[in-house]
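The primary structure of each chain is shown beneath.
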Amino acid sequence: MTFNMDIGTFIVACVGSCIAWYQLSKINKQIKIAVDNQRLDKLKIVLEIETQMNQRKLEFDKVSKQIRESALDNNLSEEKKEILQDYFDSIKESYFNSLDRLCYCIDKGYIDDKDWRSEYRNLILEVIKSYESDFGVASPYNNIKNINEKWQQS
Amino acid sequence: MCGDLRTLEDLREYLSKQFEADKQYESNYIVLITKYLNFIKINYNLSDEEKDYVLPIKSVNEEQSHTKTIINTKKAQEILLQWRKK
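Going down the list, the sequences are from chains A and B.
Per my numbering, the very first residue in the first sequence carries number 1; after that it's consecutive.
Per my numbering, the very first residue in the second sequence carries number 1; after that it's consecutive.
Next up, chain B with everything else stripped away, as it sits in the complex (with noise of 0.2 angstroms):
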């Protein structure tokens, strides 16, 4: 599964690249983050902190763009706040 790794930040890089390309082939981020601790598990002798770092977990969560979300919704309470007054 890997290459010439010899840093935690090459680790790091090296997963985050990975499950880009796995996520399009696995929309199920449960199965594919288990996937990858267990992989980190087997392969590789970290304490918690370095499996959280390098676990491409922050991959998941900058997808939600959850703000954007709040912004758009708010211009669309304010038209349906329109319509009441109306």
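If we strip away everything but chain A, and leave its shape as in the complex, we get (with noise of 0.2 angstroms):
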């Protein structure tokens, strides 16, 4: 009776640790694949930022090399120039943000700074230097900011 029972209480430890180990491995593999779409995710949110970027970049590319142009025109009028002017802010703005987007990402731990450190550190300290006046105290682009004084100091 007790051979029996022993028997009986091994099968069922067999079955037991057979169905704990596939519903282990079945889990595993859930992790890896939720590990997997996690950094898939990251990647998608850095290229759709970089792809904005990228964007009012050439807008910003667009309004400057109409400025330029129009500068050869001695008989520019001056509404035409208040145009220009406006327009010139408005796409810095809209860059400005896109920038400071991506810098809030990676200030928060969204995307990994070492992956883009390299990349923006000097884009970001030559925006600061080129545009002065925008990153002053009262400045809205604080991410920014953050990012190079972080980034300069190490």
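Bear in mind the hints are in silico, worked out from the structure with no lab data behind them.
A few of these clues could be false.
[As the list claims (entries may be wrong)] Here are the simulated lysine to aspartate or glutamate pairs, EDC-like style, with alpha carbons at most 16 angstroms apart:
#1 B/74 <-> A/93
#2 A/81 <-> B/78
#3 B/68 <-> A/59
#4 B/74 <-> A/132
#5 B/35 <-> A/41
#6 B/86 <-> A/79
#7 A/44 <-> B/78
#8 B/75 <-> A/89
#9 A/92 <-> B/78
#10 B/41 <-> A/36
#11 A/32 <-> A/59
#12 A/62 <-> A/93
#13 A/114 <-> B/52
#14 B/51 <-> A/41
#15 B/85 <-> A/82
#16 B/86 <-> A/82
Now that you have both chains on their own, put them together as the hints suggest.
Rendered as structure tokens:
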């Protein structure tokens, strides 16, 4: 009777172990898929931000080209100059906003700092130096300032 | 999609070349990178660091050349400042 009980327990234990092993391997696979998906989502965020930044960069290029070409015309009206000034300010703000969003994602750890530091460290410093008046105390681009401070210190 | 690739460097170079060719037909980088990521996932058993290394994402970044834009726009801003002074 004892022998039968032991065999029974052994079989139950084996079946239990098999089920546990099966469940664990299933969970393991699911975790791996989840990690992969998370990485893909992260990458999608970065690429989305970069695509937007690139679009705004092109607009910024376009307006600066337009201004430099217009400057060749000595008879350019004051109204036209004002239009170009407003257009430039608007595109500049749009571009800085996209850069600020990228810096926000880096600052809050949504994307890895080390992956983007080499790519954007000099650019951010160059932006701040070139547009000093936009990055003063009352500047709305706090994330750009924070990341620049962090990256220049390390 | 690939020929005789033995090392990680071979794969990185191959994907980079392939990426340059594919860019002409697919302008959406997200779609393109997702396609490459899936290809790597299905065909190679790589660690996260290895995946990052071979993924041709650097080609996307290089194209953006934001620093040149900043130099150009700075010139435009100087013109605007001169206009304001007059």
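Now for the hints, and whether the structure bears them out:
Restraint check: the Cα-Cα separation between residue 74 of chain B and residue 93 of chain A comes to about 14 angstroms, which is no more than 16 angstroms; the hinted pair holds. Restraint check for residue 81 of chain A and residue 78 of chain B: the C-alpha separation of about 13 angstroms stays at or below 16 angstroms, so the hint holds. At roughly 13 angstroms between alpha-carbon atoms, residue 68 of chain B and residue 59 of chain A fall within 16 angstroms of each other, so this suggested pair holds. Between residue 74 of chain B and residue 132 of chain A the alpha-carbon distance is near 11 angstroms, which keeps this suggested pair within the 16 angstroms criterion.
The suggested pairing of residue 35 of chain B with residue 41 of chain A holds, with an alpha-carbon distance near 13 angstroms, which does not exceed 16 angstroms. Distance check on the hinted pair: residue 86 of chain B and residue 79 of chain A sit about 14 angstroms apart at the alpha-carbon level, within 16 angstroms; holds. Of the pairs offered as hints, the one joining residue 44 of chain A and residue 78 of chain B is violated, with about 37 angstroms between alpha carbons and a cut-off of 16 angstroms exceeded. Restraint check for residue 75 of chain B and residue 89 of chain A: the C-alpha separation of about 14 angstroms stays at or below 16 angstroms, so the hint holds.
With a CA separation close to 14 angstroms, the supplied pair residue 92 of chain A and residue 78 of chain B stays within the 16 angstroms bound. Between residue 41 of chain B and residue 36 of chain A the alpha-carbon distance is near 9 angstroms, which keeps this suggested pair within the 16 angstroms criterion. Of the pairs offered as hints, the one joining residue 32 of chain A and residue 59 of chain A is violated, with about 41 angstroms between alpha carbons and a cut-off of 16 angstroms exceeded. A threshold of 16 angstroms between alpha carbons decides the hint, and for residue 62 of chain A with residue 93 of chain A the separation of about 14 angstroms falls inside it, so the pair holds.
At most 16 angstroms may separate the alpha-carbon atoms for a hinted pair to count; residue 114 of chain A and residue 52 of chain B meet this at roughly 12 angstroms. Proximity of residue 51 of chain B to residue 41 of chain A is assessed by CA-CA distance (about 15 angstroms); at most 16 angstroms being required, the pair is judged to hold. At most 16 angstroms may separate the alpha-carbon atoms for a hinted pair to count; residue 85 of chain B and residue 82 of chain A meet this at roughly 13 angstroms. Among the hinted pairs, residue 86 of chain B with residue 82 of chain A is consistent with the structure: their alpha-carbon atoms are about 13 angstroms apart, no more than 16 angstroms.
Figure legend: structure checked against the earlier numbered hints; hints not met, in rising order: 7, 11.
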